[in-house]
Amino acid sequence: MSAVLADMPKTDTSKTIAPASTKAIAPSKGGRPWTFYVLATLFAAYVIALYGPMFCIYILSFQDIRGGLVFPMKGHSLHWFVDLFTQARTGDVKGSFDRSIKLAVIVTIITVVVSFLAGLGFRKRFRGDTFVFYIMIGSLVAPGLVLGLGTGLLFQALGLDASWYTSALGAQLSWTLPFGVLVMFAVMSRFNHVWEEAAYDLGASRWQSIWLVMIPVLAPGLVAVALFGFTLSYDEFARSLQTAGSLNTLPLEIWSMTLNVTSPSLYALGTVTTIVSFIVIGASLGTIVLIQKKRGSRAKG
Amino acid sequence: MQPSQAPSRANLAGWLYVSPLVLVLVPFFVAPILVVLTASFFATDGFGGLTPDFTLTSYVEVLHSALTLKLYLATIKFTVLTWIFTLIIGFFVAYFLVFHVRNQLLAIGLFLLCTVPFWTSNIIRMISWIPLLGKEGLINQALLALGVVHQPLEVLLFSDFAVIIAYVHQLTIFMIVPIFNSMARIDKKLIEAAINAGASRFDIMRLIVVPMSKSGIALGTIFVVSIVMGDFFVVKVMSGGGSASVVSAFYEDVGVLQYPTAAASAVLLTLVLVAIVSLILRTVDIRQEITR
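Chains as they are written, first to last, in my numbering: chain R, 1 to 301; chain X, 1 to 292.
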């Protein structure tokens, strides 16, 4: 124990008040408790089960024309990727891909802004806050297909055409916003109110304190909300099913492919969507790192 | 909570901040739910047309059908099994990352490792079990080669087993994230104090870690339960059409334009979900816990 305590001032040089020592549970005299090895094994097994199947389809998507849905792999080529984007029988992959990306970007922007504002609002109690909170939870847990059908029927009743950028956008927001606000709760709970008070003491207006203090401090959290919004939308299926109108989004396209296509094209699609996701994650993490770096150099200079 | 020097101004500010949220949720959550509720009392001509009568026929039909009970039992079975597996795996993965990985950067890296697959399409992740579980899949090939079985096992794919595997594969992350989040906020000094006071590992788990992560557990449970109960396509694809859930039956109804029956069963399911979620919210004040 003494070793842990003696170690603490060294490891805990961060500006937060809470100590960040993670050694607390380990016994004092070196070595790891047996639970470490059990849990490490569980963790490894979980990660393997998580990635294993997906790696199988990535590998199988690079087969040549004789390829099938199972191992062993037959040759290697990019045949199924070409097939994916050229064959009419695999549907409108390119168009739906386009729409899904556009829709996800719009959903992301709205989710970040609205969740941030709602996060600010929920910091203080106000009359009716519980009511809004419960509507939000309701929207989160409502079965997607039911909500999608309701939205579709509503548009029909109002004589509006369902389309991916109106009804599907709204249906997706009814799911990404509650998620975004819940993440904002967690992000805001780590925001130290002293900084805001300091800004007010220095004569900042409410807007200045939000724009110059809160947003820069909360930026990584906002990026997290953005990532949530993007991926939830990009992957949203049940809510879009009855609301997307005549033009499919990518998950709907994949869904119809699973019903018709039984070739490694399907796997090629998996590989492509994964690569896109990785580009998005990479860009987001890059943004976080950039923000941190900028902050670091500003602190030094 | 807030000193009430200017309650009306605080109320106004609060409502201004949440108004965009409300402006989205009212037309795209409250209104659609009301539409479904209304449709459930309508009569139908059998071709998708709705006549605005007030009738309870659809409810009577849904409640009297022996199929309804069967569907609910199947859905509850899937939900409970998925919940148990995702909770156990999710809890211990989060526990490992928070309390056993000594390097904080490594812990964050490993945490991200768990979240990355979440960024690939659900449907693709589901399909990715085919090369493994299929009749000619890797697992059957391995079992045959080892001589454990002499004929490929057929229960691996297109079965309830495959449905549960797919759910656990997709949803464990929804447990890990909130539990990780609440565990990371446990003050390590508390645990040191408990060790110094002679608490056993089990005591620490039972008296500190579990009670202090209950908001994460509750949130994860809400995610998992509502997703499984509201799902239809995992059941449809992974069971190969052999199993059905409440929502997959709903989907079939919509497909044959039986809107009122579909709506009635949707209302029923929503009520069941509301009951479960409010039960959870009653045990744990999530809002209090995550904003503290």
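It should be emphasised that the hints constitute simulated quantities derived from the structure, not laboratory data. Each hint should be verified, as a subset may be incorrect.
[Unchecked claim] Take a look, some chain X residues computed to stay more than 10 Å from chain R by CB distance:
(1) Phe29
(2) Glu61
(3) Val149
(4) Leu156
[Unchecked claim] Reference excerpt, derived from the structure (chain R facing chain X, CB under 7 Å, subset only):
(5) Leu39
(6) Thr41
(7) Ile57
(8) Arg66
(9) Leu69
(10) Val70
(11) Val105
(12) Ile109
(13) Leu117
(14) Phe126
(15) Phe133
(16) Val146
(17) Thr151
(18) Thr273
(19) Ile279
(20) Ile281
[Said to hold, decoys possible] Derived Cβ-Cβ restraints for the label pairs, each shown as a range:
(21) R:Ile291 with X:Leu37: 41 to 51 Å
(22) X:Ala275 with R:Thr35: 31 to 41 Å
(23) X:Val149 with R:Gly286: 33 to 43 Å
(24) X:Ser19 with R:Thr35: 46 to 56 Å
(25) X:His64 with R:Pro220: 20 to 30 Å
(26) R:Gly286 with X:Leu16: 32 to 42 Å
(27) R:Ile59 with X:Val148: 18 to 28 Å
(28) R:Ala44 with X:Leu73: 34 to 44 Å
(29) R:Ile215 with X:Pro152: 49 to 59 Å
(30) X:Asp53 with R:Ile291: 57 to 67 Å
Here a beta-carbon is modelled for each residue, glycine too, at the ideal position from N, C-alpha and C.
Quick rundown of the hints versus the structure:
no.	hint	result
1	Phe29	violated (4 Å)
2	Glu61	holds (18 Å)
3	Val149	holds (17 Å)
4	Leu156	holds (12 Å)
5	Leu39	holds (4 Å)
6	Thr41	violated (10 Å)
7	Ile57	holds (5 Å)
8	Arg66	violated (15 Å)
9	Leu69	holds (6 Å)
10	Val70	holds (5 Å)
11	Val105	violated (15 Å)
12	Ile109	violated (12 Å)
13	Leu117	holds (5 Å)
14	Phe126	holds (3 Å)
15	Phe133	holds (6 Å)
16	Val146	holds (4 Å)
17	Thr151	holds (4 Å)
18	Thr273	holds (5 Å)
19	Ile279	violated (10 Å)
20	Ile281	holds (6 Å)
21	R:Ile291 with X:Leu37: 41 to 51 Å	holds (46 Å)
22	X:Ala275 with R:Thr35: 31 to 41 Å	holds (37 Å)
23	X:Val149 with R:Gly286: 33 to 43 Å	violated (49 Å)
24	X:Ser19 with R:Thr35: 46 to 56 Å	holds (49 Å)
25	X:His64 with R:Pro220: 20 to 30 Å	violated (54 Å)
26	R:Gly286 with X:Leu16: 32 to 42 Å	holds (34 Å)
27	R:Ile59 with X:Val148: 18 to 28 Å	holds (25 Å)
28	R:Ala44 with X:Leu73: 34 to 44 Å	holds (36 Å)
29	R:Ile215 with X:Pro152: 49 to 59 Å	holds (57 Å)
30	X:Asp53 with R:Ile291: 57 to 67 Å	holds (59 Å)
Going through the hint list in order, the structure does not satisfy hints 1, 6, 8, 11, 12, 19, 23 and 25.
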